[in-house]
Amino acid sequence: MEKTIKQWLSRMKQQLGNKVRSMEQNGAQETVMLVEKTELPDVCYFLWHEKKGRLFTMVGNDERDIHGFFALYYVFSFDSFRHFITVKTLIDPLDPTFPSVAVQLPAANWYEREVKDLLGLRPQGHPDPRPLILHGDWPEDLHPLRKDFPLDRHAPRVQSREAFMPYDSEDVTEIPVGPIHAGIIEPGHFRFGAVGDTILHLDARLFFTHRGLEKASEGMPLAKALFLAERVCGVCALSHSVAFAQAVERIGEVTIPPRAAYLRTLFLELERLYNHIGDVGNVCAGFGFAVGISQGARLKEIMQQLNEHVAGHRYLRGVVRLGGVRIDITEREKEDIVRTLAYVKKEFQELVDLLFSHDIAMNRMATTGVLRLEHANDLEVVGVAARASGRSVDIRRDQPYAAYDQVPFHVPVYEAGDVLARVRIRVDEVFESIAMIEQLLHSLPSGDTFTSLPPLPPYRSAMGWCESPRGETVHWLMVGPDQTIYRYRIRSATYSNWPAVPLAVKGNIVPDFPLINKSFELCYACCDR
Amino acid sequence: MFDLIRKIWRTKTVTKTELFTEAPERFRGKPIFTSNECTGCQACTTSCPAGAITLQQNDDTITVSLSYTTCIFCGICAEVCETNIIEITNEYRLATKNKNELTVSQQATLAKLLTARKEV
Ligand code: SF4
Ligand code: SF4
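Residue numbers (our numbering), protein chains in the order written: chain A, 1 to 529; chain B, 1001 to 1120.
The shape of chain A in the complex, shown without the other chains (with noise of 0.2 angstroms):
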């Protein structure tokens, strides 16, 4: 395999020719391409339509101090040789834009947007000029997360320059929903162009709970950073924890025990046990079908009170050390987690049952809310949501981290796309997970549950990535001076899926909006952080 990559990278550098400045190793499973501004659109296209990569994250810092330059990363992964190849160009601070990948490559481009938000560097070409991350009435010369910005300075308001579709034809009426929603949700603003009651048009606008967590983390001690990255979510807290210490660990190059490595795997199942069969229960709540909801929400209670139980958390947080984990397990918690599985595993199969059985539950989901292959693929639409429309990543599988490679599984694919496909994913990885636990208590190794970080070297920059109950969240660190954090990228799961909605809408009916955003479930707030 090392052979066949090396053989593989050197024929990419030559296929590239003199495009790639230089190429180096970062880590076992990185290599770094340097390329020119100008070359960047072609190199990232030949990356992603030849060589078929996907695009993982992409990445602005502003590295004046460090080298008198801002960067961006454009980070492809390839799961078939389980590595990564970073697309790497400076940019020089009296010049700071770059050409747009975007106009080539769509699921470019919320991050193009957010890196002229936040760093000021404007890519041109780009097909949509509106702000994303910060709103429009943020003045338009202040870019928070360049390094003379300071933490606590106040931006002025200014006229706002948000912008939506315009509707030239009197038949299309426009519907503004939220940000303050009916129910207890997190806050976005949905403006359908609807033709009668179908939606001919939505125009998502998200980011109102930016709290610039990233901003927040630099200078932050990594220790401390573990419990901002703990809270970046609340209801994929752990996966972004293990994201998290994974960068950490992936710079200071250790490999934790293999217990750490097992526990953090049966914690994250936990944690996708408890969100999915939520899921599963609070989609019936896009049909109003009552019985559905509370048994959902009843073994999701169970699980939850399991969680408290075994970790000390509803939410598993403090689960994770950097190096390991704090939570051990005894022999008796075993017994109580296999008790409890089992008994959820009857209810959960008889919930299913009635609502696969349900004629009216099942004509209100199937066709509704098809999301298509060629969408999901050109987005890079991640999780449940992709493996519902045919595109089979799971991060778990594809580039394993934890135990996961220990432990055989299989990953559920549907063909539809419609929200009866992703309810289906989510039921069966239910009865997965359930099978993995089983398997990962029965052969759970003695040992250690931490290891000691040796002091990490300045400057280095390292990936963590988990596959959340909503899909791949990928966390880019860069460490500073003194173990700090120097830059800290959080793309989570959300942050890929959002985009997908609007095209997944378009020509359903209003009233079926809920129930598509329901099966998609995504969270807002790791989205806009």
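Hint data in this document are derived by calculation from the structure and do not stem from the laboratory.
Note that the Cβ used here is the ideal one computed from N, Cα and C, for glycine as well.
Label-pair restraints from in silico Cβ distances:
1. Gly-27/A <-> Trp-1009/B: 53 to 63 angstroms
2. Phe-208/A <-> Thr-1015/B: 28 to 38 angstroms
3. Ser-1067/B <-> Asp-152/A: 19 to 29 angstroms
4. Met-1001/B <-> Thr-340/A: 24 to 34 angstroms
Starting from the known structure of chain A, fit chain B with the ligands onto it as the hints suggest.
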């Protein structure tokens, strides 16, 4: 239809059948001070991610205080305390009418500290 009714009948009212008594043993609730043997080592204040613990040194006393208004119940302080005087309980009921009750303090006298140091 009958399956639905049967299911509802069998589940009954959850809040009546599955009563909540107290939080599990491992649940991380209020941290408390169990004695006044604080050495003023500051391990807790520096590692508390929320900055909930403060240390005050007067002439011959040291006062360590912990505020539940900022604590995130992570349990790090109990892990790092060298004299093990911080303990995480499973008490989750925090509501109070008096804000001052949300801060707990422990005083240690410096004389005691000196003897404690000598023994070590
Ligand atoms: S439990 Fe955590 S947040 Fe609370 S005082 Fe202790 S260290 Fe600080
Ligand atoms: S409470 Fe414990 S950790 Fe904190 S200063 Fe006193 S001895 Fe040190």
